[in-house]
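> Build out the structure end to end from the sequences listed, making use of the hints.
These protein sequences, in sequence, are chains A and B. In the working numbering, each number is its position in the first sequence, counted from 1, plus 8. In the working numbering, each number is its position in the second sequence, counted from 1, plus 1.
Note that these hints are calculated values from the structure, not bench results. Hints are supplied without guarantee of correctness; some may be wrong.
Unchecked claim - Lysine to aspartate or glutamate pairs mimicking EDC-like chemistry, simulated, CA-CA at most 20 Å apart: (1) LYS86/A <-> ASP192/A; (2) LYS173/B <-> ASP159/B; (3) LYS116/A <-> ASP132/B; (4) LYS144/A <-> GLU217/B; (5) LYS173/B <-> GLU185/B; (6) LYS86/A <-> GLU72/A; (7) LYS112/A <-> GLU135/B; (8) LYS127/A <-> GLU193/A; (9) LYS137/A <-> GLU104/A; (10) LYS26/A <-> ASP62/A; (11) LYS26/A <-> GLU224/A; (12) LYS26/A <-> GLU13/A; (13) LYS137/A <-> GLU120/A; (14) LYS218/A <-> GLU233/A; (15) LYS218/A <-> GLU242/A; (16) LYS139/A <-> GLU104/A; (17) LYS218/A <-> GLU239/A; (18) LYS139/A <-> GLU135/B; (19) LYS82/A <-> ASP132/B; (20) LYS127/A <-> ASP185/A; (21) LYS144/A <-> ASP176/A; (22) LYS86/A <-> ASP132/B; (23) LYS86/A <-> GLU11/A; (24) LYS229/A <-> ASP192/A; (25) LYS229/A <-> GLU36/A; (26) LYS139/A <-> GLU217/B; (27) LYS82/A <-> GLU135/B; (28) LYS112/A <-> ASP132/B; (29) LYS86/A <-> GLU120/A; (30) LYS139/A <-> ASP122/A; (31) LYS116/A <-> GLU135/B; (32) LYS144/A <-> GLU212/B; (33) LYS137/A <-> GLU217/B; (34) LYS137/A <-> ASP122/A; (35) LYS86/A <-> GLU59/A; (36) LYS214/B <-> GLU104/A.
Claimed, not checked - Every beta carbon over 12 Å from chain A, so not counted as near; a handful from chain B, in silico: (37) THR31; (38) ALA85; (39) LEU154; (40) GLY191.
Every residue gets a Cβ at the ideal spot worked out from N, C-alpha and C, and that includes glycine.
The chain contents come next:
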Amino acid sequence: MIEIENVRKSFGQLEVLKGVSLAVDRGEVVSVIGGSGSGKSTLLMCINGLEPIDSGRILVDGVEVHARSTDLNKLRRKIGIVFQQWNAFPHLTVLENTTLALRKVLGKSRAEADAIAIKQLEHVGLQDKLKVFPGKLSGGQQQRMAIARALAMSPSYMLFDEVTSALDPQLVGEVLDTMRLLADEGMTMIVVTHEMGFAREVSNRVAFFKDGLIHEIGTPKQIFEQPQRPETAEFLGSVL
Amino acid sequence: MLDTALSLNDLRFLMLGAGWTLLITAISVTAGTLLGVLFGVARAQTPVWVSLPIGFVLDIFRSVPLLIQLVLFNSFIPILGLRATPFSVSCLVLALYTSAYCSEIVRGGVAAVPQTTRRAARSLGMTWGQDMVEIVFPLALRVMFPSWIGLTLGVMKDTALVAWIGVIELLKSSQILITRMPSEPLFILGIAGLIYFLISFPISRLGARLERKWREND
Ligand SMILES: Nc1ncnc2c1ncn2[C@@H]1O[C@H](COP(=O)(O)OP(=O)(O)O)[C@@H](O)[C@H]1O
Ligand SMILES: [Mg+2]
Chain A
9 MIEIENVRKS FGQLEVLKGV SLAVDRGEVV SVIGGSGSGK STLLMCINGL EPIDSGRILV
69 DGVEVHARST DLNKLRRKIG IVFQQWNAFP HLTVLENTTL ALRKVLGKSR AEADAIAIKQ
129 LEHVGLQDKL KVFPGKLSGG QQQRMAIARA LAMSPSYMLF DEVTSALDPQ LVGEVLDTMR
189 LLADEGMTMI VVTHEMGFAR EVSNRVAFFK DGLIHEIGTP KQIFEQPQRP ETAEFLGSVL
Chain B
2 MLDTALSLND LRFLMLGAGW TLLITAISVT AGTLLGVLFG VARAQTPVWV SLPIGFVLDI
62 FRSVPLLIQL VLFNSFIPIL GLRATPFSVS CLVLALYTSA YCSEIVRGGV AAVPQTTRRA
122 ARSLGMTWGQ DMVEIVFPLA LRVMFPSWIG LTLGVMKDTA LVAWIGVIEL LKSSQILITR
182 MPSEPLFILG IAGLIYFLIS FPISRLGARL ERKWREND
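Shown next, in the form of structure tokens:
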């Protein structure tokens with residue numbers, strides 16, 4: 009379970025998170041929607057400790073992410089994250105991209121790592137691209153590789169940060185399908201997205217984020233059909 | 002043209018000078034590169050109160066002409082009560098000089114690796130060191146390599162300056178031959194130039210080949 013409790017964070021003078029609270033249960037899919045610059049990416053990076061926070065706390069399976077005693081490198085093994093772009097290690101093949109952390113972080117042998125990686129790459133439909141360098145892949149294939157690479161670590165949680173925003177429209181579908189599959193398999197996911205269709209169909213809950221705060225959270229039905237806050241209605245009006 | 006007073010012995014003398022040139026280059030480039038990586042990473046990855054002083058000292062090595070550094074070190078080391086041959090002084094000064102330039106190359110190379118790529122590595126649970134070794138260095142290498150080859154070739158030519166403190170390397174040995182045979186300066190310098198070229202050429206070719214190989218993957 010991921011518990012975010014009243015988290016605040018500033019970059020210099022700019023307060024980006026202004027007391028965010030959110031709890032995500034095992035097996036839940038929570039979509040986070042909202043305008044750009046509202047702090048969504050920052051929130052995801054706080055969850056796996058890539059960014060420090062100023063106050064509040066974040067617990068992952070009861071472990072406080074920003075506590076001094078927490079081994080972040082260990083904690084991150086159970087939190088997969090896929091970013092908007094530049095996820096690939098361009099000097100490594102698709103297979104090497106996927107096995108690197110298996111071997112270096114989890115200490116798996118090359119054979120073990122290859123077996124796990126190939127299974128995950130098949131899962132996202134990249135079994136023909138094992139020896140290919142990422143520069144030769146389409147954006148959609150690169151994102152699917154990034155998903156497979158994260159899944160290879162057998163994480164308990166997956167965080168997605170606008171993974172389709174940098175893609176050509178015709179490539180969005182293949183990545184969303186992969187994520188849908190993952191949700192069906194019961195993965196716990198926090199998905200920052202502009203894809204309202206995805207948020208509506210796949211998530212258990214949708215959170216509307218604005219100016220560093222969750223203004224409203226509820227089932228897709230509640231958020232998309234009966235938004236309680238005028239800001240939510242206004243945002244949905246602008247994107248739908 | 003081949004009717005020359007230059008004997009086989011003289012040629013051997015030139016080759017010996019070339020040997021010193023190569024040896025000083027190899028030692029100072031190796032040591033300078035290792036130090037340069039250390040300083041460059043420190044400059045790119047440490048807080049300002051560490052990186053600024055390092056940068057300042059390295060700036061001195063980069064801005065004072067090499068000849069002055071050689072002469073100063075050569076005079077001051079004995080004053081400090083240390084014993085050093087001109088050869089070791091040459092290697093020391095050239096290594097520091099190389100490290101100063103190399104640190105800038107490394108700093109630029111490390112900074113050229115996108116933060117997002119490094120985040121991706123850290124988010125998989127890789128440590129700072131693993132990120133450096135597995136991601137940052139291999140990627141930075143592609144950016145740094147052409148400048149590093151340039152630096153190596155430059156240092157190789159700069160070794161000519163160590164003649165000033167008494168090391169008989171390639172240029173100095175050709176000068177000695179010319180003093181002995183004042184009628185042959187062009188021929189002797191021509192041979193010396195050819196030797197410099199024969200040392201440089203494989204290095205720059207190797208550089209070009211590696212670059213081409215890396216480009217194929219992008
Ligand atoms: N590393 C950083 N340093 C300074 N400001 C940042 C940094 N990262 C993000 N910001 C700022 O924080 C705000 C929120 O950014 P972000 O979390 O990326 O928003 P979103 O993902 O919702 O678009 C933006 O104004 C952005 O400019
Ligand atoms: Mg963002």
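> Each hint should be assessed against the structure and marked as holding or not.
Against the structure, the hints:
{"no.": "1", "hint": "LYS86/A <-> ASP192/A", "result": "holds, 19 Å"}
{"no.": "2", "hint": "LYS173/B <-> ASP159/B", "result": "holds, 13 Å"}
{"no.": "3", "hint": "LYS116/A <-> ASP132/B", "result": "holds, 18 Å"}
{"no.": "4", "hint": "LYS144/A <-> GLU217/B", "result": "holds, 10 Å"}
{"no.": "5", "hint": "LYS173/B <-> GLU185/B", "result": "holds, 15 Å"}
{"no.": "6", "hint": "LYS86/A <-> GLU72/A", "result": "holds, 14 Å"}
{"no.": "7", "hint": "LYS112/A <-> GLU135/B", "result": "holds, 9 Å"}
{"no.": "8", "hint": "LYS127/A <-> GLU193/A", "result": "holds, 15 Å"}
{"no.": "9", "hint": "LYS137/A <-> GLU104/A", "result": "holds, 11 Å"}
{"no.": "10", "hint": "LYS26/A <-> ASP62/A", "result": "holds, 10 Å"}
{"no.": "11", "hint": "LYS26/A <-> GLU224/A", "result": "holds, 14 Å"}
{"no.": "12", "hint": "LYS26/A <-> GLU13/A", "result": "holds, 11 Å"}
{"no.": "13", "hint": "LYS137/A <-> GLU120/A", "result": "holds, 19 Å"}
{"no.": "14", "hint": "LYS218/A <-> GLU233/A", "result": "holds, 19 Å"}
{"no.": "15", "hint": "LYS218/A <-> GLU242/A", "result": "holds, 11 Å"}
{"no.": "16", "hint": "LYS139/A <-> GLU104/A", "result": "holds, 8 Å"}
{"no.": "17", "hint": "LYS218/A <-> GLU239/A", "result": "holds, 8 Å"}
{"no.": "18", "hint": "LYS139/A <-> GLU135/B", "result": "holds, 18 Å"}
{"no.": "19", "hint": "LYS82/A <-> ASP132/B", "result": "holds, 15 Å"}
{"no.": "20", "hint": "LYS127/A <-> ASP185/A", "result": "holds, 17 Å"}
{"no.": "21", "hint": "LYS144/A <-> ASP176/A", "result": "holds, 16 Å"}
{"no.": "22", "hint": "LYS86/A <-> ASP132/B", "result": "holds, 18 Å"}
{"no.": "23", "hint": "LYS86/A <-> GLU11/A", "result": "holds, 15 Å"}
{"no.": "24", "hint": "LYS229/A <-> ASP192/A", "result": "holds, 19 Å"}
{"no.": "25", "hint": "LYS229/A <-> GLU36/A", "result": "holds, 16 Å"}
{"no.": "26", "hint": "LYS139/A <-> GLU217/B", "result": "holds, 14 Å"}
{"no.": "27", "hint": "LYS82/A <-> GLU135/B", "result": "holds, 18 Å"}
{"no.": "28", "hint": "LYS112/A <-> ASP132/B", "result": "holds, 10 Å"}
{"no.": "29", "hint": "LYS86/A <-> GLU120/A", "result": "holds, 19 Å"}
{"no.": "30", "hint": "LYS139/A <-> ASP122/A", "result": "holds, 12 Å"}
{"no.": "31", "hint": "LYS116/A <-> GLU135/B", "result": "holds, 16 Å"}
{"no.": "32", "hint": "LYS144/A <-> GLU212/B", "result": "holds, 18 Å"}
{"no.": "33", "hint": "LYS137/A <-> GLU217/B", "result": "holds, 16 Å"}
{"no.": "34", "hint": "LYS137/A <-> ASP122/A", "result": "holds, 13 Å"}
{"no.": "35", "hint": "LYS86/A <-> GLU59/A", "result": "holds, 17 Å"}
{"no.": "36", "hint": "LYS214/B <-> GLU104/A", "result": "holds, 18 Å"}
{"no.": "37", "hint": "THR31", "result": "holds, 24 Å"}
{"no.": "38", "hint": "ALA85", "result": "holds, 42 Å"}
{"no.": "39", "hint": "LEU154", "result": "holds, 25 Å"}
{"no.": "40", "hint": "GLY191", "result": "holds, 43 Å"}
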